[in-house]
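Colleague: Order-wise, the sequence lines are chains P and E.
Start counting the first sequence at 1; every next residue gets the next number (full-length UniProt numbering).
Start counting the second sequence at 1; every next residue gets the next number (full-length UniProt numbering).
Think of the hints as simulated: they come from the structure by calculation, not from any bench.
Don't take every hint at face value.
To be verified - Covered stretches of chain P (chain E as the covering partner; in silico rule of three or more C-beta atoms under 8 Å from a C-beta of chain E): (1) 22-31; (2) 40-51; (3) 57-63.
Said to hold, decoys possible - Computed Cβ-Cβ distance ranges for the label pairs, DEER-style: (4) E:223 x P:130: 15 to 25 Å; (5) P:54 x E:373: 54 to 64 Å; (6) E:294 x P:24: 52 to 62 Å.
The model shown is predicted, which means the values in this text are computed figures rather than measured ones.
No residue lacks a Cβ here, since even glycine has one placed at the ideal position from N, Cα and C.
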Amino acid sequence: MPLKWVFNWQPNAGSTVNSQILNEVSQCVESINGVKEGRWKATLTYYKPMLRDQALAAEFPRDFLGISLPEQPNKYYFILRGHKIVLEADSSIQLIMEKLQSYKSRVALNFEGFQYQLGDFQLRVGKVVPTHSENLRGIVMEQVEYLPISSLEKSRQLMEEFVDIWQDAVSKRSLPGHFLHIEPNFSDYGLADHYTSQHTAVQYAHVMAQLIASVQAGQAARN
Amino acid sequence: MLQQHQHHLQSAATAAPPLPPPATSTPPSSTAGEAPPKQVALAMDRLGHAARLIADIRLGADRLLEALFVAAQPHQSSKPLHLFRQEDDSMRQHLQDLRTIGRQLEESGVLNESLRSRSNSWGLHMPLVCPDGAVVAYAWKRQLAGQAGASAVDRTRLALKAFTDQKRRFFPHLDDEQNGQGTDSVSKKHRSSQALLEDNQDNLSDCKTLSDVLTSLEKDMPNLKVLTYERLDWLKRASSLPASANDNTMEVPKHNFHSSSILRPGPQNVVSMDKVAVIELLFPSVFRAVVSLHPAGSTDPDSVAFFSPDEGGSYIHARGSSVYHVYRHITEHAAVALQYFLGIRSETALHSLLHWICSYRSLFTDICSKCGRLLAMEKQSALLLPPVHHPYRTFSPSKASSTQAIASTGDQSCSAPRAYHIGCFSDEA
Numbered sequence: 001m002p003l004k005w006v007f008n009w010q011p012n013a014g015s016t017v018n019s020q021i022l023n024e025v026s027q028c029v030e031s032i033n034g035v036k037e038g039r040w041k042a043t044l045t046y047y048k049p050m051l052r053d054q055a056l057a058a059e060f061p062r063d064f065l066g067i068s069l070p071e072q073p074n075k076y077y078f079i080l081r082g083h084k085i086v087l088e089a090d091s092s093i094q095l096i097m098e099k100l101q102s103y104k105s106r107v108a109l110n111f112e113g114f115q116y117q118l119g120d121f122q123l124r125v126g127k128v129v130p131t132h133s134e135n136l137r138g139i140v141m142e143q144v145e146y147l148p149i150s151s152l153e154k155s156r157q158l159m160e161e162f163v164d165i166w167q168d169a170v171s172k173r174s175l176p177g178h179f180l181h182i183e184p185n186f187s188d189y190g191l192a193d194h195y196t197s198q199h200t201a202v203q204y205a206h207v208m209a210q211l212i213a214s215v216q217a218g219q220a221a222r223n
Numbered sequence: 001m002l003q004q005h006q007h008h009l010q011s012a013a014t015a016a017p018p019l020p021p022p023a024t025s026t027p028p029s030s031t032a033g034e035a036p037p038k039q040v041a042l043a044m045d046r047l048g049h050a051a052r053l054i055a056d057i058r059l060g061a062d063r064l065l066e067a068l069f070v071a072a073q074p075h076q077s078s079k080p081l082h083l084f085r086q087e088d089d090s091m092r093q094h095l096q097d098l099r100t101i102g103r104q105l106e107e108s109g110v111l112n113e114s115l116r117s118r119s120n121s122w123g124l125h126m127p128l129v130c131p132d133g134a135v136v137a138y139a140w141k142r143q144l145a146g147q148a149g150a151s152a153v154d155r156t157r158l159a160l161k162a163f164t165d166q167k168r169r170f171f172p173h174l175d176d177e178q179n180g181q182g183t184d185s186v187s188k189k190h191r192s193s194q195a196l197l198e199d200n201q202d203n204l205s206d207c208k209t210l211s212d213v214l215t216s217l218e219k220d221m222p223n224l225k226v227l228t229y230e231r232l233d234w235l236k237r238a239s240s241l242p243a244s245a246n247d248n249t250m251e252v253p254k255h256n257f258h259s260s261s262i263l264r265p266g267p268q269n270v271v272s273m274d275k276v277a278v279i280e281l282l283f284p285s286v287f288r289a290v291v292s293l294h295p296a297g298s299t300d301p302d303s304v305a306f307f308s309p310d311e312g313g314s315y316i317h318a319r320g321s322s323v324y325h326v327y328r329h330i331t332e333h334a335a336v337a338l339q340y341f342l343g344i345r346s347e348t349a350l351h352s353l354l355h356w357i358c359s360y361r362s363l364f365t366d367i368c369s370k371c372g373r374l375l376a377m378e379k380q381s382a383l384l385l386p387p388v389h390h391p392y393r394t395f396s397p398s399k400a401s402s403t404q405a406i407a408s409t410g411d412q413s414c415s416a417p418r419a420y421h422i423g424c425f426s427d428e429a
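Only chain E is shown next, with the shape it has when bound in the complex (with noise of 0.2 Å):
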């Protein structure tokens, strides 16, 4: 009798790992009503269960020699033959069970090659299992980790810029590139513009680097003051900004764009150009703007804000938000202003912006060039505003700045800069 369950045993071992003989391959009739993802999520789960039976097999084989050996010994009790019973029982059920699941998985394509020649609408295969017992997923597996080869590429060519604007700004002497070249942002010519940026060619082809654009700057307009810091710099001036305004006999140098932060009477550091991340622009009385550079030392402006004269706090920077409704509605302007700086030609966008910015310089006595008043009423917020858009589709610097007679519409004079009123502003101004 022994001998009988060891050859059952025996046999039931070794018909383990090789599945059970294929049956005609039929035509997987039952799993074409689902997607092809479906069926391979499908037959993957059933290998799964199949490996778990398998598994079983041999424990429960384990099991049997156990009882045998058991059975062997001398002086026993029924006990091995119980257990011997109990494990035949639970053999023969995961053997069925094994079968069923090699019926299924035979019927889905897996364990042979009929789907394979059947073009597949998804391009999709089913599952292969090798003979040494290696699954492979195959296509689909090849369609997913190409997807995350697609996505893996972009990732490193957005960490190669990340990593390369860090080490620009924290090992510049490492940085053997010009400021110019290191950007990728893509200069969308507009038709309208050419003329326009022909015009601005000559002057603005030597304002290249940072020191160029904030020189001309200061040439241009008299009454500006223009100071440059650190970004951390920054952050210590905005918060003593109300200390300083009330003094009406400060006294700033000349050049103080190479000044340092804090105002203070004895020497004062040098702000590096390569460093400067904010540029400040005071109109005395009238506003100041808060402009950031990114990265530090670059020609690239990144954020505008506008501000009171007499505001000071430490949310006095590029992103932050005035507590005046005028101020508010010219940083939102400024914001749009920026963007359309930066498509039409990033390379003079900052030269282009702080003349823009400079063009608020009468904000408050310039009438509204359509209607003819200083203050309006603003529809949506009903309060009273003077005019806080200037156009920046027609702003040229050069026109700004020139003190020629150049044609303009209107009966303005051409100094005056154009400015409407929320409402009175259109698109096409």
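So that you can see chain P by itself, here it is in the shape it has in the complex (with noise of 0.2 Å):
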């Protein structure tokens, strides 16, 4: 399938993320020659265990997240991050959760936002918020897809002169911020070259993972 690389909006120190950063950004998307496609939404559920006794909750793993994503809406990805596992369910896998009672959703959070079409790439900018929520957590995500191709290997050097080509578009608008992609080292999670979407479930994981650790280093900071 097709090759996506996850990226995460850093807000420079001390600037907060607001819905004009995602207005703009989405306009740089068009100076470039995007075509508005459509809407898109994915969804990120982090999981907590149902103990009778609360105490022993550090036993268990901490970040059990659980993934929806729009290309695939039979199916339901869970990721164990701190033990390097991702696994592809059915969709019907939640309600048999929701049945067991043994993990309940502690925190879900709605990414979404607007799809574009360059070509053959395709540009989905986007908001995260909670899903009770109307309130923007204030967190900007963005995702590259090349088309044609799913090695990760043979379409690097062509990624990365698209995210130049972008970054650089970005920086015209002098945006307090820039986007940030790291990626994650598949092969510890047992993926291979050839893309698929539990790789992408990965990236959305190692992004929550980002965005969390930013804001909590702003928090930080302000105290």
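Two chains, two frames, a set of hints: combine them into the complex.
Modeller: What follows is the structure in structure tokens.
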């Protein structure tokens, strides 16, 4: 399947993220001839174990994530980041989890925004919002997809050049921050060079970790 | 009275077939303004009219005789007389019309040879009415017949070629000729490429058969997977492609151009070389190219198309179009390159084409030889594309596969094929 690079927005020290940045970024995409195609939405859920004795919670994995992706409506992805495990399951597993009541949702986030087409490239720009809140948590993320091929290695140079062109366009707007892409080590998760939705799920998990880290760093700086 | 009428009738009847006495042959000044074909058409028209009038006159004569016969019966009313008078009138009219037509025909030179001696600017002669009544449209008809004959020769030649092709395809056991001799294609030798051709002579001289071409290709390109198919088998393969593309552990045997279409374990059918109509070139994760041969088993490529290695479906064939812009642009460029290779030297066109296709194996990593970048915005479509144009005029299969250092322009290493963005490509390259 086509390969993707997922980015998160890294605000400059001391600045916050707002919807204005999202608008600017969208305009940026249109300035490099991106054509708005439609909306996209993904969800990410942090689970916590339901235990009678909550003190035992520390023994259980902390980052147990569930992700649903728009390109795979019938699938649900589980990730244990600490253990480098990713699993692709049928979306009906969520029903089973509800019945089992062993894990419950701690925090649920929506990634949503617009999708743009630039020839063989597809760009998604969006914000991250908690499910039951309208407040913008203040995180903007973005995803670049190159449709024709699936090999991470073969496409690396091409994607890097694209990102250069993209970053160039963004920097012209003098926004207080920049997009950051750190490629997770896919082989740790047992994933191959041929790109799949499991790769996407892993990237999302890592992006979340970075976002949380940067938010915590920001809070620490303010304190 | 009857006798008088009878006599009248006789003279009228006998007067019918031979036309009225010829008038003086006046030069057809009235028709000088019209073009010969029109004159001829008019003349034919009038002759037709005359024939109809003659038929009417014959009928009229019959009716007159009938009326006379009835009148000869006893106890008749004035009916036959009435009929007779009626018929008499119409007969006179017909004869009058006939005289008029006759005069017109004479004037246009149909009934005599007054125009024959005049050299008509179109080389056409007026139709001639022979004494026995036959009409010969002579030169005009012969002209038309001549034209029809010329195109008939062409049509026959085409039909023969088509028949020979079909025969070779469906009845190969009847065909004694070698593959290379059958084609009619004219090989135009470009002076600029002469040196190049002589360079390749040794390499290409032993690549005469399809099998040779494919073997040499596999030897030169270790990463390439070459597969061959009969034409209908390719359709099955194309439709099953998405299933096989996702299978990362797919193992394809080394000498796979001998194996059959659908990839399944177990005994595989050997595609005999003389039935091969489709060649698939797969560089995993880069592209899949489909080349069609016509006729099957020959070394004559007739079309080529590029696709993503992940694409699948019945639209994947040598005349199909990828859903992705990059492969669509390469396919367009490849069509031009194919025509070039066929025009230069049709016997080695397949060999050159396949090697040229292989120059795209590093499509997503080769930077443009002109601007030095990988991606560039193509002006017309406003899309970012890698370099999709590879030059074909100066392309040499032996250079492409050799590892010796050959002097080339620029500071690129000799083993990297030259590639250009659409906007950076110029015809001299």
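Colleague: Taking each numbered hint in turn, which are not upheld by the structure, reported in ascending numerical order?
Modeller: As far as the earlier hints go, 1, 2, 3, 4 are violated by this structure, in ascending order.
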